[in-house]
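> Chains V and S supply the protein sequences, listed in that same order.
Okay, so the first sequence: first residue is 453 according to this note's numbering, each after it adds one.
Okay, so the second sequence: first residue is 453 according to this note's numbering, each after it adds one.
Some clues are possibly wrong.
One copy or two, either will do: identical chains are not told apart, so a pair holds if it fits within one copy or between any two.
Result set (BS3-like, lysine-lysine): computed pairs, CA atoms no more than 27 angstroms apart in a straight line [said to hold, decoys possible]:
hint	residue 1	residue 2
1	LYS764	LYS522
2	LYS517	LYS506
3	LYS724	LYS486
4	LYS487	LYS522
5	LYS691	LYS462
6	LYS651	LYS816
7	LYS576	LYS724
8	LYS487	LYS651
9	LYS487	LYS805
10	LYS545	LYS576
11	LYS816	LYS545
12	LYS462	LYS727
13	LYS576	LYS462
14	LYS506	LYS522
15	LYS506	LYS576
16	LYS803	LYS490
17	LYS764	LYS517
18	LYS858	LYS809
19	LYS522	LYS490
20	LYS805	LYS462
21	LYS647	LYS858
22	LYS490	LYS506
23	LYS809	LYS763
24	LYS616	LYS652
25	LYS487	LYS691
Source of the hints: derived by calculation from the structure; they are not laboratory data.
2 protein chains.
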Amino acid sequence: MALINENYLKLQAGYLFPEIGRRVNDFIAANPDKKVIKMGIGDVTQPLVPSVVKAFHEGVEEMAKGETFKGYGPEQGYAFLREAIAKHSYQDKGVDISAGEIFISDGSKCDTGNIQEIFGNDNKIAICDPVYPVYADTTVMSGKTGICQANGYYEGIVYMPCTKENGFIPELPTETPDLIFLCYPNNPTGTVASKEELKKWVDYAIEKNAIILYDAAYEAFIQDDSIPRSIYEIEGAKKVAIEFRSFSKTAGFTGTRCAFTVVPDDLVAYDKAGKAHPVKPLWNRRHSTKFNGVSYPVQKAAAAIYTEEGKKEVSEVIAYYMENASIMKESLANAGYEVFGGENAPYIWVKTKNGMKSWEFFDKVLTEANVVGTPGSGFGPSGEGYFRFSAFADRENVLEAMDRIKNMN
Amino acid sequence: MALINENYLKLQAGYLFPEIGRRVNDFIAANPDKKVIKMGIGDVTQPLVPSVVKAFHEGVEEMAKGETFKGYGPEQGYAFLREAIAKHSYQDKGVDISAGEIFISDGSKCDTGNIQEIFGNDNKIAICDPVYPVYADTTVMSGKTGICQANGYYEGIVYMPCTKENGFIPELPTETPDLIFLCYPNNPTGTVASKEELKKWVDYAIEKNAIILYDAAYEAFIQDDSIPRSIYEIEGAKKVAIEFRSFSKTAGFTGTRCAFTVVPDDLVAYDKAGKAHPVKPLWNRRHSTKFNGVSYPVQKAAAAIYTEEGKKEVSEVIAYYMENASIMKESLANAGYEVFGGENAPYIWVKTKNGMKSWEFFDKVLTEANVVGTPGSGFGPSGEGYFRFSAFADRENVLEAMDRIKNMN
């Protein structure tokens with residue numbers, strides 16, 4: 453008798469974004485005359501930059517000719533892309549990461565979701581609250597948790613609340629975790645971690661033989677040079693951290709699909725007898741057994757980001773979004789909201805007024821201003837009473853949305 | 453302390469293809485003057501067809517303009533592709549599968565590797581021997597097996613030997629499995645399953661409440677109209693089978709990456725209390741939590757296969773490979789080998805002479821004929837003494853390779 457993975461039954465119904473989609477679609481169906489402005493899902497709106505488009509076309513053209521056609525590529529990604537990443541994203545910035553430690557994939561959602569497969573089910577997982585829902589959901593699917601309790605926490609996960617009171621920076625947990633998900637610049641709060649803050653975590657992981665799963669998908673939005681862009685800027689991090697990066701937000705690849713994960717040679721995890729094992733061969737095995745590489749033209753397009761022209765074009769798009777963030781931050785503050793993030797991250801984290809619940813605020817903003825944001829509680833119980841606006845939008849829409857919100861009751 | 457998934461330690465070192473790559477590279481390094489012809493990995497050699505290239509470019513161009521730019525698409529794939537598949541691959545052939553039952557992915561390796569995640573670890577898995585190594589490897593990774601025994605079998609997997617003696621068609625297993633991997637046209641033996649044969653399996657799965665995981669990646673190579681192209685041609689199959697299909701071999705997408713999996717609405721699996729649960733919502737949840745859709749231009753390219761022009765162009769490429777298969781089959785038979793497959797599949801399965809071991813024959817063919825094939829034992833213990841030649845090659849190379857093999861000692 454074929455048995456289901458019963459852990460799936462523990463998952464709370466409705467992943468956040470489908471629920472948002474449902475409510476928005478219902479509203480549009482009932483109000484076909486209203487122009488709804490979407491600032492909910494953190495999805496880019498600006499087209500691929502010219503250098504990327506050019507390389508993408510060239511990649512397609514290579515696939516059209518027998519002499520240049522590419523069949524299966526290396527599962528880990530083509531050397532040209534791994535080397536460009538190692539050089540431009542790490543070595544040129546003084547961070548010693550080599551091409552062999554970089555695994556190209558089709559998305560950070562996949563990598564952060566799949567990474568737990570190489571670790572045993574006896575690990576205790578720590579996550580921030582609120583945070584990107586994939587960390588908790590995939591922990592549940594893997595069987596490391598009990599049910600979801602009345603407080604919104606799954607049994608067995610170590611939650612680290614991040615609220616206004618602690619500046620959205622979690623304290624070291626009292627219960628020792630084995631795998632710690634951190635995300636900076638943070639989704640959804642827009643918080644960044646200072647060098648000192650990250651050092652605290654790296655030292656903690658070293659002391660506990662824990663591993664940090666560091667999601668740096670929004671690294672490109674850091675404006676302040678004193679903020680680390682990679683966890684490997686912290687001494688000792690290569691022994692205890694895996695870093696996830698993505699081209700999705702950096703270069704508008706949400707629909708094009710390319711990302712990478714860094715698993716340093718020095719990183720070890722343990723068997724139950726306490727023997728250390730390098731982690732990279734495990735991820736390499738997983739990656740080459742259950743994945744077959746990213747589309748060649750897409751890898752070629754991604755590599756174009758590292759040309760001089762590509763860098764310049766991509767930085768202009770990022771500046772555009774960050775100008776949005778700046779406008780939103782100011783407008784929302786002027787409208788009387790307490791506002792966080794938005795300075796080194798494309799997300800504005802807003803405290804609702806008078807303790808209004810997140811979904812109530814969602815409905816209010818949707819029906820009164822016809823603007824879609826993301827309810828903070830969708831990212832975890834400590835997000836209740838907060839709301840996320842994404843700066844990934846067209847300027848015109850940003851201005852109109854802010855105007856409408858200002859005039860809400 | 454971060455603990456590894458110790459099941460990975462049970463995996464036999466060296467996935468088959470890396471080991472082939474290592475031996476070939478060593479040979480080339482030692483013999484730089486020799487022209488090595490590769491017929492090992494089943495990788496296509498013909499470029500993408502013109503209709504696909506055209507649509508691929510158009511997709512890239514859409515990503516270059518604000519008005520047509522696409523961010524995140526549906527994780528399950530765009531409706532235009534799901535609907536084209538449902539119509540052309542199923543409904544037009546009298547098979548009642550709807551777009552909503554189709555999940556677009558970046559490869560069948562990923563899907564056949566990931567599918568076990570939605571099923572519990574108490575399931576007993578049955579696989580053919582020999583077969584595509586991913587089924588067994590991912591079963592081991594998931595923790596359903598013991599160690600690999602001296603006979604090459606992992607403890608806990610139900611192996612179904614396929615040899616010349618049973619026509620490479622497995623018997624129903626004596627120990628009842630819960631999940632049964634079947635692959636037709638078969639990789640590596642090139643065998644196909646008749647309607648009667650598949651009906652036997654569907655009836656068996658219905659009787660046992662088991663699920664068939666049906667890998668039909670080579671469906672496009674079937675020449676004989678009496679052979680089913682889909683397991684859903686068999687009555688009742690929608691209740692007990694998941695079907696995997698791929699554009700990799702069908703349309704030369706091994707480096708472009710697109711595939712799909714059919715999970716019918718009627719398919720159920722059970723919780724431990726014996727309650728039936730529909731399987732589709734579980735796969736949908738997995739797919740939308742750990743995957744983020746296939747690159748938009750790639751989906752657009754894939755859909756072009758279903759245009760009149762695309763169908764014609766793709767069928768010509770398939771005819772080219774099948775002509776290769778036919779040439780190879782005849783040449784190898786003339787050279788005194790017992791030869792199987794190659795009539796409805798792009799693989800020729802050869803029995804070595806005088807009981808020579810598969811890897812010994814590999815080395816012989818490599819060093820004497822400078823041709824790369826795949827040792828049958830790499831697909832499982834019952835593949836020992838066999839050898840796989842792939843018809844995915846340029847005609848000129850096929851003719852030269854056959855000529856050289858004919859002249860081997």
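> Determine for every hint whether it applies to the structure shown.
Tested hints:
With identical chains, the CA atoms of LYS764 and LYS522 are at most 27 angstroms apart between copies only, with a shortest distance of 22 angstroms across copies and 29 angstroms within one. In this assembly of identical chains, the alpha carbons of LYS517 and LYS506 lie at most 27 angstroms apart whether taken from the same copy (17 angstroms) or from different copies (13 angstroms). Proximity of LYS724 to LYS486 under the C-alpha cut-off of 27 angstroms is found in neither arrangement, the shortest distances being 59 angstroms within a copy and 49 angstroms between copies. Proximity of LYS487 to LYS522 under the C-alpha cut-off of 27 angstroms is restricted to the inter-copy arrangement: shortest distance 19 angstroms between copies versus 45 angstroms within a copy.
Only between protomers do LYS691 and LYS462 lie at most 27 angstroms apart by alpha-carbon distance; the minimum there is 25 angstroms, versus 34 angstroms within a single protomer. Taking the closest pair of Cα atoms, LYS651 and LYS816 never come within 27 angstroms of each other, the shortest separation being 41 angstroms inside a single copy and 56 angstroms across copies. For a Cα distance limit of 27 angstroms, the shortest separation of LYS576 from LYS724 qualifies both inside one copy, at 14 angstroms, and across copies, at 26 angstroms. In this assembly of identical chains, LYS487 and LYS651 lie within 27 angstroms of each other by CA distance neither inside one copy nor across copies; the values are 46 angstroms within and 54 angstroms between.
In the homo-oligomer, the alpha carbons of LYS487 and LYS805 lie at most 27 angstroms apart inside one protomer (25 angstroms), although the nearest pairing across protomers, at 74 angstroms, exceeds that limit. Taking CA atoms no more than 27 angstroms apart as the test, LYS545 paired with LYS576 passes in neither setting, with 33 angstroms inside one copy and 50 angstroms between copies. When the C-alpha separation of LYS816 and LYS545 is checked against a cutoff of 27 angstroms, the pair qualifies neither within a copy, at 45 angstroms, nor between copies, at 50 angstroms. Only between protomers do LYS462 and LYS727 lie at most 27 angstroms apart by alpha-carbon distance; the minimum there is 16 angstroms, versus 33 angstroms within a single protomer.
Within a single copy, LYS576 and LYS462 get their C-alpha atoms as close as 17 angstroms, and across copies as close as 23 angstroms, so both meet the 27 angstroms cut-off. For the homomeric pair LYS506 and LYS522, the shortest alpha-carbon distances inside one copy (18 angstroms) and between copies (17 angstroms) are both at most 27 angstroms. With identical chains, the CA atoms of LYS506 and LYS576 are never at most 27 angstroms apart, being 46 angstroms at best within one copy and 50 angstroms at best between copies. Proximity of LYS803 and LYS490 under a CA criterion of 27 angstroms is satisfied intra-copy only: 19 angstroms inside one chain copy versus 62 angstroms between copies.
Taking the shortest alpha-carbon separations for LYS764 and LYS517, only the inter-copy value of 18 angstroms comes in at or below 27 angstroms, while the best intra-copy value is 31 angstroms. With identical chains, the CA atoms of LYS858 and LYS809 are at most 27 angstroms apart within one copy only, with a shortest distance of 19 angstroms there and 78 angstroms across copies. In this homomeric assembly, LYS522 and LYS490 come within 27 angstroms of each other (Cα to Cα) only across copies, at 14 angstroms, whereas the closest approach inside a single copy is 39 angstroms. In this homomeric assembly, LYS805 and LYS462 never come within 27 angstroms of each other (Cα to Cα): the closest approach is 33 angstroms inside a single copy and 56 angstroms across copies.
In this assembly of identical chains, LYS647 and LYS858 lie within 27 angstroms of each other by CA distance neither inside one copy nor across copies; the values are 37 angstroms within and 67 angstroms between. When the C-alpha separation of LYS490 and LYS506 is checked against a cutoff of 27 angstroms, the pair qualifies neither within a copy, at 29 angstroms, nor between copies, at 32 angstroms. With identical chains, the CA atoms of LYS809 and LYS763 are never at most 27 angstroms apart, being 41 angstroms at best within one copy and 54 angstroms at best between copies. For the homomeric pair LYS616 and LYS652, the shortest alpha-carbon distance inside one copy (20 angstroms) is at most 27 angstroms, but the shortest distance between copies (63 angstroms) is not.
Taking the closest pair of Cα atoms, LYS487 and LYS691 never come within 27 angstroms of each other, the shortest separation being 51 angstroms inside a single copy and 44 angstroms across copies.
Checked against the numbered hints above, the structure breaks hints 3, 6, 8, 10, 11, 15, 20, 21, 22, 23 and 25 and satisfies the rest.
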